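Could you build all of it, start to finish, from the sequences and the hints given here?
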Amino acid sequence: MRQASKKIQLYLFFFLLLFIFENQVQAQSVAYKALLATLYDSEFPVLKPAELTDLSSYQVVDTREKEEFEVSHLQHAIWAGYDTFSMENVAELDKNQPVLVYCTVGARSQEIGKKLKEEGFKKVYNLYGGLIEWANEEKPIYHGDSLTNQVHTYSRSWGIWLTKGEKVY
Numbered sequence: 001m002r003q004a005s006k007k008i009q010l011y012l013f014f015f016l017l018l019f020i021f022e023n024q025v026q027a028q029s030v031a032y033k034a035l036l037a038t039l040y041d042s043e044f045p046v047l048k049p050a051e052l053t054d055l056s057s058y059q060v061v062d063t064r065e066k067e068e069f070e071v072s073h074l075q076h077a078i079w080a081g082y083d084t085f086s087m088e089n090v091a092e093l094d095k096n097q098p099v100l101v102y103c104t105v106g107a108r109s110q111e112i113g114k115k116l117k118e119e120g121f122k123k124v125y126n127l128y129g130g131l132i133e134w135a136n137e138e139k140p141i142y143h144g145d146s147l148t149n150q151v152h153t154y155s156r157s158w159g160i161w162l163t164k165g166e167k168v169y
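Residue numbers (the working numbering): 1 to 169.
Since the hints were derived computationally from the structure, they do not count as laboratory data.
Warning: the hint list may mix true and false statements.
Capping the alpha-carbon separation at 20 Å, the derived lysine to aspartate or glutamate pairs in DMTMM-like fashion look like this [as the list claims (entries may be wrong)]:
hint, residue 1, residue 2
1, Lys33, Asp94
2, Lys123, Glu67
3, Lys139, Asp41
4, Lys117, Glu88
5, Lys114, Glu138
6, Lys114, Glu67
7, Lys48, Glu138
8, Lys167, Glu67
9, Lys66, Glu51
10, Lys167, Glu70
11, Lys117, Asp41
Computed beta-carbon distance windows for the label pairs [unchecked claim]:
hint, residue 1, residue 2, range
12, Ser155, Ile78, 34 to 40 Å
13, Thr84, Tyr142, 31 to 37 Å
14, Met87, Ala34, 20 to 26 Å
15, His76, Glu119, 28 to 34 Å
16, Glu88, Ser42, 28 to 34 Å
17, Leu47, Asn149, 19 to 25 Å
18, Ile78, Val30, 19 to 25 Å
19, Ser157, Lys123, 21 to 27 Å
On a predicted model such as this, the values are computed, not experimentally measured, just so you know.
All C-beta atoms, glycine included, are put in the ideal place defined by N, C-alpha and C.
Written out as structure tokens, the structure is:
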């Protein structure tokens with residue numbers, strides 16, 4: 001009987017740990033969404049990772065710095081930069097085709113997206129939550145042409161939001 005009681009206690013302990021972990025992840029998700037709400041312009045269109053089933057429908061533009069892009073990026077993304085951004089970096093893009101811009105969390109990409117719209121691009125969307133949200137939803141990330149789980153999180157403080165994948169700073 002005592003053995004069964006210990007097993008029950010052990011099961012209860014593991015269920016409690018699981019419950020705490022799930023609530024922490026959900027709380028982090030709520031906090032992350034609240035943070036993003038402060039960063040985004042409500043007038044600029046976003047697409048959530050779950051809405052993107054086929055990236056080939058978009059011209060995908062990475063607006064992070066080169067060292068971030070070289071760690072990992074979305075498949076077939078072109079690097080445009082942020083501090084080093086110029087329209088020459090995206091000269092090959094078709095202004096009439098949809099563009100998906102992204103960065104680590106979506107703040108820098110929104111700014112580049114606005115510049116693209118000012119230059120006559122018709123359909124520009126920001127990736128909601130950036131590469132962090134993409135990775136957290138277990139969408140594919142690439143290093144060159146190979147899949148990777150590494151995500152450059154810009155800094156350690158932004159890295160707290162990455163729950164899936166390997167953080168790189």
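Taking the beta carbons of Thr84 and Tyr142, is their distance inside 31 to 37 Å? violated, 21 Å
Given pair status - Glu138, Lys114, alpha carbons within 20 Å: violated, 28 Å
Pairwise hint evaluation, Glu70 against Lys167, where the allowed Cα distance is 20 Å at most: holds, 14 Å
Evaluate the given range 28 to 34 Å for the C-beta pair formed by Glu88 and Ser42. About 30 Å separates the Cβ atoms of Glu88 and Ser42, which means 28 to 34 Å holds.
Mind checking the alpha carbons of Lys114 and Glu67 for me, to see if they're no more than 20 Å apart? violated, 23 Å
I want to verify a distance hint. Is the separation of the beta carbons of Ser155 and Ile78 within 34 to 40 Å? At roughly 24 Å between Cβ atoms, Ile78 and Ser155 fall outside 34 to 40 Å, so the hint is violated.
Verdict for Ser157, Lys123 (Cβ pair) under range 21 to 27 Å: violated, 33 Å
Check the hint pairing Lys123 with Glu67 against an upper bound of 20 Å on the C-alpha distance. Violated, at about 28 Å.
Assess, step by step, whether the Cα of Lys117 is no farther than 20 Å from the Cα of Glu88, and give holds or violated. holds, 15 Å
For a C-alpha distance cap of 20 Å, please report whether Lys167 and Glu67 respect it. Distance of about 14 Å is within 20 Å: holds.
Please verify whether Lys48 and Glu138 have alpha carbons no more than 20 Å apart. Holds, at about 13 Å.
Does the hinted range 19 to 25 Å hold for Ile78 and Val30 at CB? Violated: the Cβ-Cβ distance is about 33 Å, outside 19 to 25 Å.
When each numbered hint is compared with the structure, violations occur for hints 1, 2, 3, 5, 6, 9, 12, 13, 14, 15, 18, 19.
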